[in-house]
Amino acid sequence: MSTPENSEHRQSIDAQSLRHASGPYFGAYGGRWMPESLMAAMDELNETFEAAKNDPEFIAQVKDLNKNYSGRPSLLTEAKRFSEQYCGGVRIFLKREDLNHTGSHKINNVLGQALLAKRMGKTRIIAETGAGQHGVASATAAALMGLECVVYMGAEDTRRQALNVARMRLLGATVIPVTVGSQTLKDAINEALRDWVANVDNTHYLLGTAAGGAPFPAMVRYFHEVIGDEAREQILAQAGRLPDAVTACIGGGSNAIGIFHGFLDDPEVEIYGYEAGGDGVDTDRHAATITLGRPGVLHGAKSYLMQDEDGQTVESHSISAGLDYPGVGPEHAYLADIGRVKYEPVTDTEAMDAFKALCRTEGILPAIESAHALAGTIRLAARKIAEGAVPEETIIIANLSGRGDKDVGTAAAWFNMIDEKDAEAEINAATAQNSGSQKSEEK
Amino acid sequence: MTRVTSAQKIAAARAEGRPALIGYLPAGFPDVATSIEAAVALAENGVDVIEIGIPYSDPVMDGSVIQEATVQALANGFKVPQIFDIVRGITERTDVAVMVMTYWNPVLRLGVDEFSRRFAEAGGAGLITPDLVPDEAAEWIQASEKHGLERVFLIAPSSTEARVQRTVDASSGFVYCVSLMGVTGARTEVSSAAQAVVAAAHNAGAENACVGLGVSRREHVEEIGAYADGVIVGTALVAALRDGGVPAVGALAAELSGRA
Ligand SMILES: Cc1ncc(COP(=O)(O)O)c(C=O)c1O
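Keeping their order, the protein sequence lines are chains A and B. Numbering that gives the first Met the number 0 puts the last residue of the first sequence at 442; the count rises by one with no breaks. Numbering that gives the first Met the number 0 puts the last residue of the second sequence at 259; the count rises by one with no breaks.
Just chain A, same shape as in the assembly (with noise of 0.2 Å):
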C-alpha cells in the first residue's frame, strides 16, 4: 500500500494518467509533514481506505447512500438565460451539487469517510469548518450512522454563518467556536487536530477537504471522484461531446479535484480553478494561494502556502468562509505547475456580481463560493469569444458546489437588500441564539 514510507511511492505520478494519483507525493507536494502521534491513526487510515476501495461491499455501500440519501447523480443543468446574458452565448452546464442532501459537495466526501470510521471502529468524528457546510455534512453523516460529532468552527465563521451553527446542534452535533489565531478555517483545522491528537484511540478525524496529510488528499478526491464522472457521462449525453473547458472554485480544492478528475486526462478539455480574490491580489485581503503563495508546509502537506518571510502562515480573507483558508491541496499544486489546471483569482465584487447573475437569470441561489467559479466562467467565456470562438459551439461545465441558503444574510447585505433595523435585530437574534446554544453545551 501506499505509505509515505515507500520510496518508490515518490514517483506517485503515472506517467500516462493524471486522473488517479494515488499520493503519497504530487510532484514534490503532498507527504505527511505532521506529529508522529498521529502517524499509527494516519497509516491505519490509509490501511482501511486502501482495503476498503477494493471491497465490493464497501463500494456498492458508497453507491447506496449516495443514491438513496444524498439523491445522486446530481443534475447537469445547461444554464440558458444565464448563457445569453452573461457569456455571451457560450453554452454553460452547471453541475448542480447544490442538490445534494445537505446542499454541497460535501456530503459526498463525509459519507464515504464516515463509513470508514465504522470500519476502524471509532465511535467519534470531528470535523472543522469554515462556512459551516462541511460541518453540517458532518453531522448528518454521524447522525445516520450513530456516531458522536463535535464540530470546530472559527468564532468568526460562527458569526458568518450563524444559521449553519444552528443546523449542526439541531442534528446533535457539539459546535466549538475557535478563539484563537485569527478564528477562521485554518484555526479551526489547528484545534481539530489537537483533539484528535489526545483523542486518537476512538476518534477519527473527518477533514473536509483534500488537504492535509496522507492519505487525506487521494482519499477525499476518491469519495468526490462521483462529480466529475457523472459530468463527463452527462455532458457526452447531452451535449454530444466533451466540453471546451471545466472550472470550479477552490478553498482547500475538494470539489474541484472532484469534477477535474473527470477531464484530466482529456487533453482537448481545458480545466480552470478559481481562488478567493477578496478585495484583489493587489491588495492583502484575499485567499489567492496558488496566485500569490509560495510553496510551505501546513497542516500535514506541503504546498502552496500563503505565508510571510518567516513562513508564518498569513491571514486569509474571502467574503465566502468557505474560501478563507490560506492553503490548498498538494494535488492543486502540482497540476498548478505542470500547467495542466490554470488557477485565477476573483474577487468578492465579481463573486457577488455572478451570485446576483444566477439567482436572476436561471432561479438558482448558489453558494458564494460556488459563484467564484461562475464569475471565472463569466470571464472565461468572454476570453474565449475574444479568441475567436464559436459561442454556441463553446460548451463549459462550471460546478455549483453548493446552494446559497447559508449566504443569504451575507448576500443581502451585500446588496443592502435589509434596512439598517432588520438587520440589526437579525444580528442580535443570532448572536442570543449562539450564547443561548453554548449554555446548554456547557450543562
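These aren't lab readings, by the way, just hints derived from the structure by calculation. Even glycine gets a Cβ: it sits at the ideal position worked out from N, Cα and C. Any given hint could turn out to be false.
Not everything, but these chain B residues come out facing chain A in the computed CB check (under 10 Å) [to be verified]:
{"#": "1", "residue": "PRO54"}
{"#": "2", "residue": "ASP61"}
{"#": "3", "residue": "VAL64"}
{"#": "4", "residue": "PHE83"}
{"#": "5", "residue": "ARG108"}
{"#": "6", "residue": "GLU135"}
{"#": "7", "residue": "SER158"}
{"#": "8", "residue": "ARG162"}
{"#": "9", "residue": "VAL177"}
{"#": "10", "residue": "GLY181"}
{"#": "11", "residue": "ALA185"}
Just the calculated beta-carbon pair ranges, DEER-fashion [to be verified]:
{"#": "12", "chain 1": "A", "residue 1": "GLU49", "chain 2": "B", "residue 2": "ALA198", "range": "23 to 33 Å"}
{"#": "13", "chain 1": "B", "residue 1": "ALA195", "chain 2": "A", "residue 2": "ALA142", "range": "52 to 62 Å"}
{"#": "14", "chain 1": "A", "residue 1": "THR282", "chain 2": "B", "residue 2": "GLU221", "range": "32 to 42 Å"}
Stretch by stretch, here's where chain B covers chain A in the computed footprint (C-beta under 8 Å, at least three residues) [as the list claims (entries may be wrong)]:
{"#": "15", "region": "35–41"}
{"#": "16", "region": "196–206"}
{"#": "17", "region": "246–259"}
Since the structure of chain A is provided, determine the placement of chain B with the ligand on it from the hints.
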C-alpha cells in the same frame, strides 16, 4: 566556538547519577532580551539543556499556555532570524546545550541549509522538530550532517515498533519521548505511558531517551529520572515566566533540579 551538545550534557548528568534537566522557553517571550535572561536563569539553576521554541502561527502540538505565550511573542514583533541572536546570547553566557524546538515551515522558508548554518554559527546544538518525522526529513538530515547538528525526533505512545526503530535510527543527541497522547500543558500526574515509551526507545538502541509533556514538578523529575535519561519541562516554566518574570523561572528551575 566549541559547541556544547545535548549528548554531552546528558552524559555528564548521567555521570553524576541523575537525569538531565531540559527546560523549554519560547523565543521572544515576552521580548527577545527577557527570553535570553530567562534562559540564563535556567542555566544558573541546574538546567542542563535549554530548548528555545520558535513562535509559530499554527502550533498544533501546543496547549493554551504555550500558545498564548507564542502569540504574544509574535504580536510583540518576534522575527525568526532573531532566534540566532537569542541562541548566541545564551551560549555566550552559559555552558548549557542550546536546542531549538521548531515547527518546520519557518525553517523551510528560510532554507534548511541556511537555517542550519546560521544556527550552528550561533552555537546551537540541534533541532527538536515536533511536526517533522524522519520520513520527510531527507533535507534536514543532510543539512544537520553538514553542519554538525543534533536531530531530535519524537516518539509517542502510539508509535509502532517499526516507527520507533526508524525514529531512533534517525535521531541524534536524544529521542524525545512524548509521555501521553495530547498537546503540551502541565498535568498533575505524569502519564503511566511514559515509561513504556522510554523502554521502547532504549530497546531500539537509543542511548538517550528523554520524557516531555505534562512534567511540572520535582516529584515528576524524580519519578521519570528513575527510568529516563532526561526530563523535559515546558509549560510550567512558561507559566512561571508569565506570572513572575525571570526570578520565578530561576526559582522553579532550582526546585526542579533539586537545588532549592
Ligand atoms: C459550497 C462550497 N463550495 C466550495 C467550498 C470550498 O471547499 P473545497 O475547495 O474543498 O471544495 C466549500 C467549503 O466550505 C463550500 O461550502
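Each hint, compared with the structure:
1. Because the smallest distance between the Cβ of PRO54(B) and any Cβ of chain A comes to about 8 Å, under 10 Å, the interface hint for this residue holds.
2. Taking 10 Å as the C-beta cut-off, the interface hint given for ASP61(B) holds, the closest approach to chain A being about 8 Å.
3. At its closest, the beta carbon of VAL64(B) sits 12 Å from a beta carbon of chain A; the interface hint therefore is violated under the 10 Å criterion.
4. A hinted interface residue such as PHE83(B) counts as satisfied when its beta carbon comes closer than 10 Å to some beta carbon of chain A; here the least separation is about 13 Å, so the hint is violated.
5. Here the hint on ARG108(B) is kept, as its CB sits about 3 Å from the closest CB of chain A, short of 10 Å.
6. Checking GLU135(B) against chain A: minimum C-beta separation of about 5 Å stays under 10 Å; hint holds.
7. Evaluation of the SER158(B) hint against chain A yields a held restraint, the C-beta minimum of about 6 Å falling below 10 Å.
8. Taken as an interface hint, ARG162(B) checks out: its beta carbon lies about 6 Å from the nearest beta carbon of chain A, inside 10 Å.
9. Evaluation of the VAL177(B) hint against chain A yields a held restraint, the C-beta minimum of about 6 Å falling below 10 Å.
10. Checking GLY181(B) against chain A by beta carbon gives a least distance of about 4 Å; that is within 10 Å, so the hint holds.
11. At about 15 Å, the closest approach between the beta carbon of ALA185(B) and any beta carbon in chain A exceeds 10 Å, and the interface hint on this residue is violated.
12. Between GLU49(A) and ALA198(B) the Cβ separation comes to about 32 Å, which falls inside the hinted range of 23 to 33 Å.
13. Taking 52 to 62 Å as the suggested C-beta distance range, the pair ALA195(B) and ALA142(A) does not conform, at roughly 38 Å.
14. For THR282(A) paired with GLU221(B), a C-beta distance near 57 Å fails the hint of 32 to 42 Å.
15. For the region 35–41 of chain A, the proposed coverage by chain B is satisfied: 6 residues have a C-beta within less than 8 Å of a C-beta in that chain, meeting the threshold of three.
16. Only when three residues or more bring their CB closer than 8 Å to a CB of chain B does the claim for the region 196–206 of chain A stand; here the count is 5, and the claim holds.
17. Coverage of a stretch by a chain is defined here by at least three residues with a beta carbon nearer than 8 Å to that chain's beta carbons; for the region 246–259 of chain A and chain B the count is 0, and the condition is violated.
Checked against the numbered hints given earlier, this structure breaks hints 3, 4, 11, 13, 14, 17; the rest are met.
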